[in-house]
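J.: What follows is the residue order along each chain.
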Amino acid sequence: MNLCKRACLYSIRKKGKTLTLLAFLLVMATLMLTCLSIQSATETANANIKKALLGYFTINAKTLESGIPEDTVSQILDVDGLSGRYTLRSYTYAAYFDADGNLLEINTEGAAQVPEGYENAGRVVANSNSQEDSYFTDGGFEMVEGNPITTEAGSQVLIHEKFAQRNGLSVGDTMLLGNVEDKDKTIPVTVAGIFTNTEEQDSIGMAPSYDLYDNIVFTDLSTASFLLYGTEGTTNVQYGDFYVNDPDELERIMTDVQELDGVDWENCTLTRYDNDYQNAKESLEGLQNIVFIAIAVVSVICFLVLALFLTLRLRGRIHETGVYLAMGISKGSVLLQYLLEVILVAAIALFISFGTSTAISHQIGSSLLSQVTSETYETVDLTGENEAAQEPTEDLGLAEIEVAVSAEDYALVWAFGMVLCVASTALAAYPIMKMKPKSILSQMS
Amino acid sequence: MNLGIRAILYSARKWKKTLLVFCLLLAITTLVLSGLAIADAQEEQAEEVRGTTGASFTVERNLSTGGWASGNGGSYSTQEFITEEMLQEIGSVDGIAGYDAAVVSMPYYYTQSGESIVTEDVNNSFYTYGSLNSEYNELFVSGRFELVEGTHITEDMPNGLILSRDRAEKNGLKLGDKVSGINNPYADDPEVEMELVGIFDVLADKDDEATMYDAATLWDYTDYAFCSYNAMKEMAVNYEDGSKLQEAHFFVEDAAQLDNVIAEVQNISSINWDNFIITANDEVYQNISSALSDTGTLITTLIVVITAVSMVLIILILSMSIRSRKRETGILLAVGIAKPAVILQYVLETLLIAVVAFPLAYLSSKQVAGTLGTLFGKAAENVIVTPEHFMLVAIVGGILLVAAVLVSSISTMRLKPKQILSQME
Numbered sequence: 001m002n003l004c005k006r007a008c009l010y011s012i013r014k015k016g017k018t019l020t021l022l023a024f025l026l027v028m029a030t031l032m033l034t035c036l037s038i039q040s041a042t043e044t045a046n047a048n049i050k051k052a053l054l055g056y057f058t059i060n061a062k063t064l065e066s067g068i069p070e071d072t073v074s075q076i077l078d079v080d081g082l083s084g085r086y087t088l089r090s091y092t093y094a095a096y097f098d099a100d101g102n103l104l105e106i107n108t109e110g111a112a113q114v115p116e117g118y119e120n121a122g123r124v125v126a127n128s129n130s131q132e133d134s135y136f137t138d139g140g141f142e143m144v145e146g147n148p149i150t151t152e153a154g155s156q157v158l159i160h161e162k163f164a165q166r167n168g169l170s171v172g173d174t175m176l177l178g179n180v181e182d183k184d185k186t187i188p189v190t191v192a193g194i195f196t197n198t199e200e201q202d203s204i205g206m207a208p209s210y211d212l213y214d215n216i217v218f219t220d221l222s223t224a225s226f227l228l229y230g231t232e233g234t235t236n237v238q239y240g241d242f243y244v245n246d247p248d249e250l251e252r253i254m255t256d257v258q259e260l261d262g263v264d265w266e267n268c269t270l271t272r273y274d275n276d277y278q279n280a281k282e283s284l285e286g287l288q289n290i291v292f293i294a295i296a297v298v299s300v301i302c303f304l305v306l307a308l309f310l311t312l313r314l315r316g317r318i319h320e321t322g323v324y325l326a327m328g329i330s331k332g333s334v335l336l337q338y339l340l341e342v343i344l345v346a347a348i349a350l351f352i353s354f355g356t357s358t359a360i361s362h363q364i365g366s367s368l369l370s371q372v373t374s375e376t377y378e379t380v381d382l383t384g385e386n387e388a389a390q391e392p393t394e395d396l397g398l399a400e401i402e403v404a405v406s407a408e409d410y411a412l413v414w415a416f417g418m419v420l421c422v423a424s425t426a427l428a429a430y431p432i433m434k435m436k437p438k439s440i441l442s443q444m445s
Numbered sequence: 446m447n448l449g450i451r452a453i454l455y456s457a458r459k460w461k462k463t464l465l466v467f468c469l470l471l472a473i474t475t476l477v478l479s480g481l482a483i484a485d486a487q488e489e490q491a492e493e494v495r496g497t498t499g500a501s502f503t504v505e506r507n508l509s510t511g512g513w514a515s516g517n518g519g520s521y522s523t524q525e526f527i528t529e530e531m532l533q534e535i536g537s538v539d540g541i542a543g544y545d546a547a548v549v550s551m552p553y554y555y556t557q558s559g560e561s562i563v564t565e566d567v568n569n570s571f572y573t574y575g576s577l578n579s580e581y582n583e584l585f586v587s588g589r590f591e592l593v594e595g596t597h598i599t600e601d602m603p604n605g606l607i608l609s610r611d612r613a614e615k616n617g618l619k620l621g622d623k624v625s626g627i628n629n630p631y632a633d634d635p636e637v638e639m640e641l642v643g644i645f646d647v648l649a650d651k652d653d654e655a656t657m658y659d660a661a662t663l664w665d666y667t668d669y670a671f672c673s674y675n676a677m678k679e680m681a682v683n684y685e686d687g688s689k690l691q692e693a694h695f696f697v698e699d700a701a702q703l704d705n706v707i708a709e710v711q712n713i714s715s716i717n718w719d720n721f722i723i724t725a726n727d728e729v730y731q732n733i734s735s736a737l738s739d740t741g742t743l744i745t746t747l748i749v750v751i752t753a754v755s756m757v758l759i760i761l762i763l764s765m766s767i768r769s770r771k772r773e774t775g776i777l778l779a780v781g782i783a784k785p786a787v788i789l790q791y792v793l794e795t796l797l798i799a800v801v802a803f804p805l806a807y808l809s810s811k812q813v814a815g816t817l818g819t820l821f822g823k824a825a826e827n828v829i830v831t832p833e834h835f836m837l838v839a840i841v842g843g844i845l846l847v848a849a850v851l852v853s854s855i856s857t858m859r860l861k862p863k864q865i866l867s868q869m870e
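Protein chains in written order, with the working numbering: chain A, 1 to 445; chain B, 446 to 870.
Everything labelled a hint here was simulated from the structure, so no lab data went into it.
Take these hints with a grain of salt, some might be off.
To give an idea of the chain A side of the interface with chain B (calculated C-beta under 10 Å), a few residues [to be verified]: (1) Thr271; (2) Leu284; (3) Leu287; (4) Leu304; (5) Leu396.
We put the CB at the ideal spot given by N, CA and C, even for glycine.
Work out the full structure: start from the sequences and follow the hints.
T.: If you want it as structure tokens, here you go:
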């Protein structure tokens with residue numbers, strides 16, 4: 001009877017023992033695979049945290065003659081590691097006219113001075129999304145009518161409530177914005193919305209007339225580009241805020257950006273803003289370390305347990321070994337038979353474990369996932385009578401966390417599992433194999 | 446021979462087998478204990494991460510419920526101001542890490558020899574925060590400024606001053622120098638002596654016009670200064686409302702507790718909350734909270750999986766070891782020992798091993814996380830096995846062991862001694 005047949009027959013006839021071994025190996029393999037899939041999922045979660053801490057850099061190209069051209073912006077966005085979230089900004093001054101070219105009236109009450117040439121002019125703020133401008137986010141501005149400006153083109157403008165009243169403008173009306181120095185250079189814009197300020201301006205009495213809240217208008221980037229640089233059909237901007245995926249890479253990305261052509265980077269100011277990340281960095285690393293240590297502990301102990309278990313199993317077969325040897329079967333083939341038995345069962349266990357661990361991972365994933373999508377932030381009205389100022393959380397474009405068994409992990413567990421099974425079986429069989437058949441049989445219990 | 450002696454003798458004579466089972470129990474218990482410790486450590490670490498998000502709330506005067514009066518500078522609110530007692534009371538609420546409140550003025554500073562400290566501007570006034578705890582000032586918290594030398598201004602520092610590095614260098618000032626400040630040198634304002642305790646660097650780009658929506662924009666960032674609130678009060682002694690606090694910022698230790706802390710603050714009865722508004726600010730935490738809780742859930746799941754698997758393993762091992770003793774069981778029954786006594790002997794043997802293995806696992810698990818951590822160069826200071834973990838594992842483990850022995854001996858015990866002996870291999 002050859003040893004393959006013996007191994008098969010043993011496995012089949014000793015059903016209970018084989019099943020126990022199978023169950024044991026299956027549980028171990030499933031545990032390892034689940035651990036590994038959880039580990040890669042926590043890596044995604046960690047990357048999400050880093051991304052959500054919103055590291056970004058700002059390019060200040062105010063001093064450049066033509067700002068940052070459109071091409072350069074798209075080149076910057078192609079740099080590896082940017083999250084795709086960005087804000088472009090321009091600031092200038094413009095004289096205000098009605099549709100017929102008559103000058104509009106501005107507020108001068110509370111102004112420190114009305115600079116010459118700015119008697120009918122005000123500050124023009126252009127932002128990729130007017131809602132995200134600091135006037136709105138920090139300065140307490142609020143829309144009262146119409147829509148914010150969210151496109152780069154479209155010749156739109158947002159005006160202050162008081163400015164609208166003073167000049168009889170309403171949403172949908174057309175007005176002209178004119179270059180302050182060259183008043184003939186004008187561009188028609190449509191009033192898309194009206195805003196107001198909820199907080200008093202604290203620089204009243206100190207600011208020049210054009211900086212007063214009433215005299216500020218918001219417009220789109222292409223209109224500002226026309227006023228600033230006289231461009232038509234293309235949009236140049238003064239400032240750009242670019243968000244990155246991993247704030248750790250901020251330095252590298254900024255260097256990459258500065259190597260792009262088309263902009264005189266020497267005269268630009270690049271500033272990094274990753275304070276939130278820097279604050280959290282150490283604790284985040286601690287968290288990541290904990291995950292790592294958990295996986296390490298599990299792996300090491302799993303291997304230990306597996307080796308011990310296989311040893312325990314083999315020790316119960318001293319009697320059988322003695323009989324085989326007495327029958328004249330060589331030690332090598334006995335050992336090979338034992339190995340074959342284990343490998344056979346291990347292969348089956350590893351096959352099944354893919355299914356079980358995928359099922360478990362899926363279960364974990366779906367329970368996590370439902371958390372992500374159904375999580376709503378309670379907005380507590382803390383102020384009593386004041387309106388709850390909380391906005392719905394913005395979409396940060398975070399990666400979906402997927403708990404899945406990857407092919408690499410599976411291969412890893414196969415390789416380690418097999419090596420371990422063979423090694424521990426061989427190791428456990430070593431003392432038995434060293435003995436003579438006679439001493440084995442006399443030692444039998 | 447009573448069953449206690451039998452159990453001990455079996456364990457001692459079959460010492461190799463006993464040792465193996467012991468090792469298995471030790472390894473599995475260590476795994477579970479480390480797992481529990483790791484779960485706790487994760488909780489703590491997540492709390493630490495939440496603590497770094499700078500979640501805060503602002504208390505400010507509610508101008509809409511107060512009266513208004515008019516003076517020569519226009520109309521002004523007569524709403525009550527925030528008092529220092531109020532700050533201390535709120536600051537002592539559990540979970541508050543620190544707070545800052547400041548009044549802003551634009552004083553002039555002079556060196557000890559009477560020379561004016563010059564600014565970037567022609568006008569030598571500094572945009573100065575008279576701050577209680579400058580560490581929590583918005584400019585430092587947001588990372589726009591960074592303290593590079595000396596210390597922050599704290600409440601118990603009566604006359605500290607922090608200047609920018611540019612100004613300090615240009616004016617030849619160093620830490621410890623005495624500086625005097627006057628709110629308005631052209632009026633009859635007192636001269637207040639201060640000590641330069643800190644120097645900050647500007648990290649943000651002040652030329653960026655995005656920051657130009659308020660009064661402070663007229664000053665360059667390097668012309669900002671921070672002085673003790675107390676010093677500011679002395680400088681502004683001639684201005685009635687000039688040194689009164691309009692708003693204060695409180696930072697919490699754990700962003701997840703922000704709402705609870707605010708609720709507790711609102712329960713302080715000595716403060717008339719009609720006159721003040723509380724606004725929460727935890728944007729950073731809101732952004733990361735879902736990803737952070739995902740990490741938590743994943744680790745917790747991992748630990749649950751580990752624990753469940755460990756239980757299964759223990760049952761498997763014990764049942765295997767009991768099943769291989771069929772022959773012995775048969776002999777014991779044949780010599781007239783009662784079935785319960787046999788089972789009890791097996792239980793006793795297992796417990797004997799466990800009694801040694803569990804305390805040892807407690808000791809080894811204390812080592813294991815730390816060793817593995819340092820082995821891979823990762824710190825694991827937070828992973829601590831507590832006596833509570835041990836109690837939990839010992840009790841649950843003990844019950845599990847007894848149950849496992851009982852369950853695995855059912856099949857053997859159902860049979861008659863004769864059947865057992867005839868079935869023996």
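J.: Checking each numbered hint in turn, tell me which of them this model violates, lowest number first.
T.: Of the numbered hints, all hold.
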